[in-house]
Amino acid sequence: MENKIKIMFGETAISTSAGLVCGKDIRNVLPQFSDDSILVLKLSHKVEVPVGDADYLVLRGKEVFAPAGQPVANENRQMDGVPCVQFNGYGPGGSISFDTAKVTGGELKARDNALTDCRLFATNIPGSNDCEIEEDWRIILKEGDAFITIPQSQNGGRYVDIEVCAKNHRHPPKVNEYLIKIDKEKFKVDKPAMCGQDILMLASKEPTEWLLNQKLSDGKRVRVENDQVIDFTVPGIERFETTPKEVQQGNSPTKPDLHQEDKEFLSSTYKKWELKMDPNAILVYDFLLPKGYNLEKATMMILIPPNYPGANFDMFYLCPCVSRSDGVAINCTSKKDLHKLIWQEWSRHYQQGNPLPSVAAHVSFINFALALEVGGTS
Amino acid sequence: MIQRLAMSARHYRGLRENLLRSDGKEAAAIILCHRGKTSDSCILVSHCVIPIRDVATIDRTEVRVSWDCNRIFTPAFVENFDKNLYSLVTVHSHPSGMRSFSAVDDYNDRRLFPSVYGWHDDKREHASAVMLPDGKMFGRYVDEEGNFSDIDCICVADHKLKFWHSKDINENSQIEGECQGQIFSVGTYSIMKHLRIGVVGCSGTGSIIVEMLARNRVGEIVLVDDDKVETANLNRILNSKSGDVHNKTPKTTMLKKAIATFGLGTKVVCVNERTDSFFAREILKSCDVIFGCIDSAEGRFHLEALSTAYLIPYFDIGVRIDLDQDEDVTHAIAAAHYVCPGEMGLRARGVYTAKQVASEGLHRKQPTLYMDQKKRGYLGVVEVHQPAVISLNMLAASLSFNDFLARIHYFRLDDDSQFAVQRINLVTGQYEHESCDDEAEQLFLRDLGTGDTNQLLINV
Numbered sequence: 029m030e031n032k033i034k035i036m037f038g039e040t041a042i043s044t045s046a047g048l049v050c051g052k053d054i055r056n057v058l059p060q061f062s063d064d065s066i067l068v069l070k071l072s073h074k075v076e077v078p079v080g081d082a083d084y085l086v087l088r089g090k091e092v093f094a095p096a097g098q099p100v101a102n103e104n105r106q107m108d109g110v111p112c113v114q115f116n117g118y119g120p121g122g123s124i125s126f127d128t129a130k131v132t133g134g135e136l137k138a139r140d141n142a143l144t145d146c147r148l149f150a151t152n153i154p155g156s157n158d159c160e161i162e163e164d165w166r167i168i169l170k171e172g173d174a175f176i177t178i179p180q181s182q183n184g185g186r187y188v189d190i191e192v193c194a195k196n197h198r199h200p201p202k203v204n205e206y207l208i209k210i211d212k213e214k215f216k217v218d219k220p221a222m223c224g225q226d227i228l229m230l231a232s233k234e235p236t237e238w239l240l241n242q243k244l245s246d247g248k249r250v251r252v253e254n255d256q257v258i259d260f261t262v263p264g265i266e267r268f269e270t271t272p273k274e275v276q277q278g279n280s281p282t283k284p285d286l287h288q289e290d291k292e293f294l295s296s297t298y299k300k301w302e303l304k305m306d307p308n309a310i311l312v313y314d315f316l317l318p319k320g321y322n323l324e325k326a327t328m329m330i331l332i333p334p335n336y337p338g339a340n341f342d343m344f345y346l347c348p349c350v351s352r353s354d355g356v357a358i359n360c361t362s363k364k365d366l367h368k369l370i371w372q373e374w375s376r377h378y379q380q381g382n383p384l385p386s387v388a389a390h391v392s393f394i395n396f397a398l399a400l401e402v403g404g405t406s
Numbered sequence: 002m003i004q005r006l007a008m009s010a011r012h013y014r015g016l017r018e019n020l021l022r023s024d025g026k027e028a029a030a031i032i033l034c035h036r037g038k039t040s041d042s043c044i045l046v047s048h049c050v051i052p053i054r055d056v057a058t059i060d061r062t063e064v065r066v067s068w069d070c071n072r073i074f075t076p077a078f079v080e081n082f083d084k085n086l087y088s089l090v091t092v093h094s095h096p097s098g099m100r101s102f103s104a105v106d107d108y109n110d111r112r113l114f115p116s117v118y119g120w121h122d123d124k125r126e127h128a129s130a131v132m133l134p135d136g137k138m139f140g141r142y143v144d145e146e147g148n149f150s151d152i153d154c155i156c157v158a159d160h161k162l163k164f165w166h167s168k169d170i171n172e173n174s175q176i177e178g179e180c181q182g183q184i185f186s187v188g189t190y191s192i193m194k195h196l197r198i199g200v201v202g203c204s205g206t207g208s209i210i211v212e213m214l215a216r217n218r219v220g221e222i223v224l225v226d227d228d229k230v231e232t233a234n235l236n237r238i239l240n241s242k243s244g245d246v247h248n249k250t251p252k253t254t255m256l257k258k259a260i261a262t263f264g265l266g267t268k269v270v271c272v273n274e275r276t277d278s279f280f281a282r283e284i285l286k287s288c289d290v291i292f293g294c295i296d297s298a299e300g301r302f303h304l305e306a307l308s309t310a311y312l313i314p315y316f317d318i319g320v321r322i323d324l325d326q327d328e329d330v331t332h333a334i335a336a337a338h339y340v341c342p343g344e345m346g347l348r349a350r351g352v353y354t355a356k357q358v359a360s361e362g363l364h365r366k367q368p369t370l371y372m373d374q375k376k377r378g379y380l381g382v383v384e385v386h387q388p389a390v391i392s393l394n395m396l397a398a399s400l401s402f403n404d405f406l407a408r409i410h411y412f413r414l415d416d417d418s419q420f421a422v423q424r425i426n427l428v429t430g431q432y433e434h435e436s437c438d439d440e441a442e443q444l445f446l447r448d449l450g451t452g453d454t455n456q457l458l459i460n461v
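Top to bottom, those sequences are chains A and B.
Counting in our numbering, the first sequence runs from 29 upward without gaps.
Counting in our numbering, the second sequence runs from 2 upward without gaps.
Hints are supplied without guarantee of correctness; some may be wrong.
[Stated by the list, open to error] Below 27 angstroms or equal to it, Euclidean Cα-Cα: the simulated BS3-like pairs (lysine-lysine) are:
1) A:Lys363 with B:Lys376
2) A:Lys283 with B:Lys161
3) B:Lys356 with A:Lys304
4) B:Lys268 with A:Lys216
5) B:Lys376 with A:Lys304
6) B:Lys376 with A:Lys364
7) A:Lys283 with B:Lys356
8) A:Lys304 with A:Lys283
9) A:Lys233 with B:Lys376
10) A:Lys219 with A:Lys32
11) A:Lys364 with B:Lys375
12) A:Lys363 with B:Lys375
13) A:Lys304 with A:Lys219
14) A:Lys212 with B:Lys268
Simulated from the structure, these hints should not be mistaken for laboratory data.
What you are looking at is a predicted structure, and each value in this text was computed from that prediction instead of being measured.
Required output: the full structure, derived from the provided sequences and hints.
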């Protein structure tokens with residue numbers, strides 16, 4: 029994440045990273061600053077706040093630091109001009125103000141009237157995750173600071189439970205540890221965003237067989253596609269719900285399948301073959317034609333009827349269309365547009381249905397029909 | 002989780018012959034099973050029985066049998082076992098009549114089964130069972146750690162149906178019709194209360210079967226029908242009311258509500274789909290018995306396939322009324338079929354044809370192709386409007402239901418195999434019955450007892 033910023037120390041610009049830092053950290057990046065000098069942060073032209081080693085502040089860029097011009101009387105005096113900060117700006121709260129430049133985590137937390145026991149985070153830090161602020165830390169308030177509170181986790185864990193946040197109308201902080209609820213179970217995740225597919229797999233559900241919805245705090249359900257990325261920091265996501273996909277209903281396409289014996293026959297007889305969907309079919313590439321046709325080979329297709337093997341194969345298709353070498357037109361053929369190709373449909377039917385349909389048997393039938401057409405059978 | 006073991010007639014007979022020996026000593030066998038898994042049940046379905054013959058037996062006494070694993074569980078066996086995704090069920094006899102597993106059995110199962118789980122990487126279930134001198138069986142699933150859990154029901158889909166429920170095995174209950182005075186009352190109830198019965202089609206014949214099942218206090222009924230009650234149904238569907246038509250109530254819901262009013266405690270599951278739905282088939286595969294009350298060829302094919310793969314006894318009900326040009330009745334037939342998995346099924350008997358199945362499948366999934374083929378005259382489908390008559394429906398449904406009762410109470414004088422199909426023709430005044438115990442067609446035999454690995458229902 030890009031979080032390099034520049035801060036000023038007197039007239040000098042110093043490159044550092046944005047984020048929650050304490051006074052000691054700042055001293056370490058400043059050049060030639062003696063330990064016993066006092067560091068101040070210039071909030072404005074006239075207002076300076078001394079920065080103690082243990083004081084925290086959020087560096088966002090363009091902060092101006094300087095050595096103390098004069099001895100500092102009261103480290104944390106009351107003053108006007110303390111910048112307002114955003115507090116749960118997305119929910120109840122809005123902006124709040126204090127009359128001292130430095131406040132403790134506890135004092136900030138106390139401003140949340142709804143939650144008695146909560147966790148506090150500094151948010152909106154450029155290029156960085158949100159940072160948790162402990163009860164007893166003292167933080168210097170600056171322009172642009174924003175804070176959020178969320179309910180305490182069960183068992184006091186570090187993971188942010190997004191269901192609990194949503195139910196309490198709180199904005200989840202941007203961290204690396206979340207607890208997300210999928211159906212009835214909660215799962216730990218270690219990133220702030222996840223795609224639908226990964227969420228399903230977390231709950232041991234095959235993305236090809238299951239659908240995912242988000243349940244929002246207003247009761248609305250929103251579908252999550254497999255490749256759609258869900259940002260856990262977006263407020264209002266209570267939980268995720270899975271639903272099995274309907275595999276065999278009219279509208280859902282179903283993958284065709286063949287009996288094991290059929291697959292073995294195809295694999296052992298042909299170098300290249302494949303199954304296609306809608307309409308379900310077997311395609312055999314480089315299918316050899318008997319002598320008497322204008323081509324030596326063509327792609328051959330057999331449609332797999334619904335209920336196969338309870339239903340028989342019927343007819344066959346060739347692509348490209350073939351013609352007899354002797355120029356005589358082939359009876360009972362027509363053109364069909366399927367799977368983005370033009371096929372020659374051969375209307376050849378079994379006299380009597382095969383009680384045990386198989387690809388091998390139908391291929392024999394096809395070879396017989398092709399041979400018969402050019403007079404090759406006795 | 003409901004746990005079951007289902008066996009085909011042939012397998013059970015073979016097992017019985019091998020286990021109940023005339024010398025009164027224990028014997029053992031192995032059943033290789035496929036599985037049917039649903040959300041609330043696991044069914045082990047017999048695929049192949051391997052008797053443990055004398056050559057592999059180390060010792061047999063009245064209370065113990067020990068056999069040589071080296072001879073049975075060869076490397077080739079284990080490879081085959083892993084590749085074919087089998088579950089293992091070991092069975093031995095208790096000639097002493099002991100109705101529970103012994104300490105020796107416990108010790109042995111705890112030693113053997115954890116190893117068996119090591120023969121495969123995927124998740125499977127294995128079990129151990131016992132056959133008593135009268136042929137009854139009981140058993141338990143054994144998990145990877147050697148924990149036992151009762152098999153709730155062991156069943157055999159023979160001409161005489163057998164259901165052995167773990168809850169009853171220790172009671173002196175007259176399950177096999179030994180006391181005929183209790184038939185049609187307490188005796189029937191004691192069997193029915195444990196059964197989950199699927200009724201596919203909730204119309205003219207289906208609603209009547211449902212009534213009979215519910216009033217006989219069957220444990221659970223699964224209703225499968227995607228239709229809503231319409232005005233035209235009111236002349237024959239039991240419990241249908243004009244209010245249902247007005248509310249467009251699904252037939253399954255209508256029946257479920259009616260059953261609730263009987264107050265007899267039957268659980269009802271409504272599935273508003275047809276057999277072409279994956280979910281309908283999922284639930285049906287966990288049923289102990291299926292009644293087919295439909296007139297579609299596709300539906301019958303799907304039920305035959307389920308019956309074959311999961312070894313479920315299948316009762317099919319049909320009615321036919323033919324009228325000539327003057328609207329005189331030429332045929333009025335009530336027919337009841339019983340399909341024993343592994344034996345001649347409905348297709349072999351000519352109740353439906355593969356061509357009809359193809360045509361209906363096309364109509365459902367590729368309607369444009371269907372219309373095209375119909376126009377060109379390929380389909381040969383003749384749409385016949387048959388009048389529906391409640392009295393004929395009831396005759397057919399009763400014929401089938403009484404057949405079901407006969408197969409669980411064994412009261413017939415002749416062998417039940419003689420009644421694979423029964424017909425009553427009102428026009429000729431004939432009643433006839435036939436056996437159909439030839440082997441099933443190869444198409445079905447190939448998938449007998451294949452459970453979830455079946456390749457009959459892969460293209461629905």
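Checked against the structure, which of the hints given earlier come out wrong?
2, 4, 9 and 13
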